[in-house]
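**Student:** Given the sequences, and given the hints that come with them, work out the whole structure.
Sequence lines, in order, name chains B and R.
Read in order, the letters of the first sequence are residues 1 to 544 in the numbering used here.
Read in order, the letters of the second sequence are residues 545 to 690 in the numbering used here.
A portion of the hints provided could be inaccurate.
If you anchor each label on the Cβ, the simulated ranges turn out as follows [as the list claims (entries may be wrong)]:
hint : chain 1 : residue 1 : chain 2 : residue 2 : range
1    : R       : Arg664    : B       : Lys325    : 37 to 47 Å
2    : B       : Asn245    : R       : Ser568    : 27 to 37 Å
3    : B       : Glu17     : R       : Arg677    : 19 to 29 Å
4    : B       : Glu17     : R       : Pro655    : 11 to 21 Å
5    : R       : Pro655    : B       : Ala10     : 21 to 31 Å
6    : R       : Asp565    : B       : Arg260    : 26 to 36 Å
7    : R       : Ser603    : B       : Arg532    : 44 to 54 Å
8    : R       : Asp565    : B       : Asp528    : 55 to 65 Å
9    : R       : His684    : B       : Asp488    : 54 to 64 Å
10   : B       : Asp489    : R       : Leu588    : 38 to 48 Å
11   : B       : Glu522    : R       : His684    : 56 to 66 Å
12   : R       : His684    : B       : Gly259    : 33 to 43 Å
13   : R       : Gln570    : B       : Ser417    : 25 to 35 Å
Please keep in mind that the hints were generated in silico from the structure rather than gathered at the bench.
Backbone N, C-alpha and C fix where the C-beta goes; we use that ideal spot for every residue, glycine too.
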Amino acid sequence: MYRYDHYDQAMVDSRVEEFRDQTRRRLEGKLSEDQFKPLRLQNGLYLQLHAYMLRVAIPYGTLSGAQMHALADIAGKYDRGYGHFTTRQNIQYNWIKLEEAPDLLADLARVEMHAIQTSGNCIRNISSDQYAGAIADEIIDPRPYAELLRQWSSFHPEFLALPRKFKIAVIASQTDRAAMKLHDIGIRMVRNDAGEIGAAFYVGGGMGRTPMIAPCIREFVPVDQLITYSEACLRVYNRYGRRDNKYKARIKILVHELGREEYTRQVEEEFAHLLTQGIEPPLAELERIATFFADPPFETGLADDAVRSDPGFALWLDRNTLPHKQPGYAIAVISLKPVGGIPGDASVEQMHLMADLAMRYSFDECRVTHAQNIVLPHVRKADLFAIWQQLEAAGLGAANLDTVEDIIACPGLDYCSLANARSIPVAQKISRRFADTGKTAELGELKLKISGCINACGHHHAGHIGILGVDRKGTENYQLLLGGSEGDDTSLGKITGPGFDEDGIVDAVERATDVYLARRREGERFLDTYRRVGIDAFKEAIYG
Amino acid sequence: MVELLRFREDEPVADPAVTVDAFSDQSNASAVRLEPGDDARDLLPFLDQLRLVEINFPSFGDGRGYSAARILREAGFDGELRAVGDVLVDQLSHMRRCGFDSFAPEKPFSPADAQAALSRWPQVYQATGDGRRPIWALRHDAQSNG
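**Tutor:** Structure representation (structure tokens):
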């Protein structure tokens, strides 16, 4: 994985000192809260319902063992003993004191980490495919391009006061595991007919109150023009994105109002101009970065199967591991969704264990997924049983990847100052319901996503089943959506009808799954059956 | 406290800056003031006669002026580029990077804070036309120099 050189380290250290100075001026009253707010936001510090929340960037979701250990230490030292992994492959701490935040950032900098631009109206942390470098279906590892974009977007002086936040995802497979088309810019690395690598740009996707799927504005940007093209996309947005209404300020609205063709024309014009400005790093820089992402020294000639004698292990093996590109290895996913637990939360002890497992079994690397789980990307199949035993002992052995129990949920009204309703208790009740009825395994792949408000941090639009918490005359109410997907067949869920209270939404979800079990054809997932039979059959069962 | 922070040797322009509308009516003015909604590219035919362009930031959160500044510098404008309005000390180094070389903040900042802000970043990640060599260039200089 990428390692800082003295330049990268100096930038992060400078940022810590800058924020220490800004915090001091705030505490001395020289900065008003209004003036301080954008500064702290660009360092990932939010003021929430009960305390400050700090969001730490995990570039493209990749962590070393030492970094995971450091995140655990921070959870113990500055928080209440746990951290929350987020849908943007980051980690959040919910109980931070302002006066301690500079020290926390300094602790992060010691392990080449930061909280730069994890909030605010700027380019956010770049996300990517959590299986990059390990999965067989990628045409190239997307992370060197993500790292190049990380450096370009860090403190980019022109783009620190954008109309609104800006999220970029980079993938390099036909299979989209990063919800790429639901980002402000989604980049898919591709190979053209001549065999050259380039980037397809999808611009103007997003969730929130106006969900949109990004259209492709260019099928092939040569790899030595990637930064220049990105800068053109951003400049047009910075100049013409709406600033009169924060709910219409994301780039998706600009692309929608101008139309794809006109937005593309303006980008191409700016791109032609910027090509004359010499802003693109040389290919040698991309090659330098790529050397950090070379394959680890895989062993060859390993046995390509795991002993399945323990039924609990066999279940986990089938559910939570994926084929690796290297024979004898597997990708193992640690579920942070124990039945009845808080999706994405991990304790200090659990984080230390995951760090140890990454160091011992996975070439010192782990990943955070946008579904709020942790990946050990390069594990020998022969080690899987030992790993599973240690996970089981630590409450991390849930065999429920991509099932109805593997729920994405935002922090909701338990923490978030924007939320209208709680998300966590709904997630807990749903996972308990399906664990109790024993239907989880039978339902197979079923992506359920919960947001506690219309901002959609819990990706409810993209859930096969989505739940949106709203405030209805002062009480929490939950709307049900069906048919969303974040993958290659990206689609947006539709609201079934009137909302439910907390127990009612759990019943409604179960009724929807009963329709699937009754109507499914051989090989169909919930989403496939829904798409074939349509929403009416589900409505009838839910409201009838 | 600093009311006009200037990084130029030449004499400041004495004439008041006119609006873009007024400028198009009486195009002998040497100073013009851009508002966030104005298109900096409308000025490109007149860069030779302009000695001062003021770019107004009615609110520090409106970043259109950063793009306006870079567009003027990219087109070769070498007159004074002044940030005016709600200009905060924490924005100084970024504004310098975009080509601003003078600052007339609504609320003056202390010279010490300005100095600290301007000397904050040892290096930069991007090429923005301000003459600073980005980190990616330094890395490969170092490599080719052995």
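**Student:** Next step is simple, just say for each hint if it's right about the structure.
**Tutor:** Quick rundown of the hints versus the structure:
no., hint, in the structure
1, R:Arg664 with B:Lys325: 37 to 47 Å, "43 Å, holds"
2, B:Asn245 with R:Ser568: 27 to 37 Å, "30 Å, holds"
3, B:Glu17 with R:Arg677: 19 to 29 Å, "22 Å, holds"
4, B:Glu17 with R:Pro655: 11 to 21 Å, "19 Å, holds"
5, R:Pro655 with B:Ala10: 21 to 31 Å, "25 Å, holds"
6, R:Asp565 with B:Arg260: 26 to 36 Å, "33 Å, holds"
7, R:Ser603 with B:Arg532: 44 to 54 Å, "51 Å, holds"
8, R:Asp565 with B:Asp528: 55 to 65 Å, "59 Å, holds"
9, R:His684 with B:Asp488: 54 to 64 Å, "38 Å, violated"
10, B:Asp489 with R:Leu588: 38 to 48 Å, "46 Å, holds"
11, B:Glu522 with R:His684: 56 to 66 Å, "57 Å, holds"
12, R:His684 with B:Gly259: 33 to 43 Å, "41 Å, holds"
13, R:Gln570 with B:Ser417: 25 to 35 Å, "51 Å, violated"
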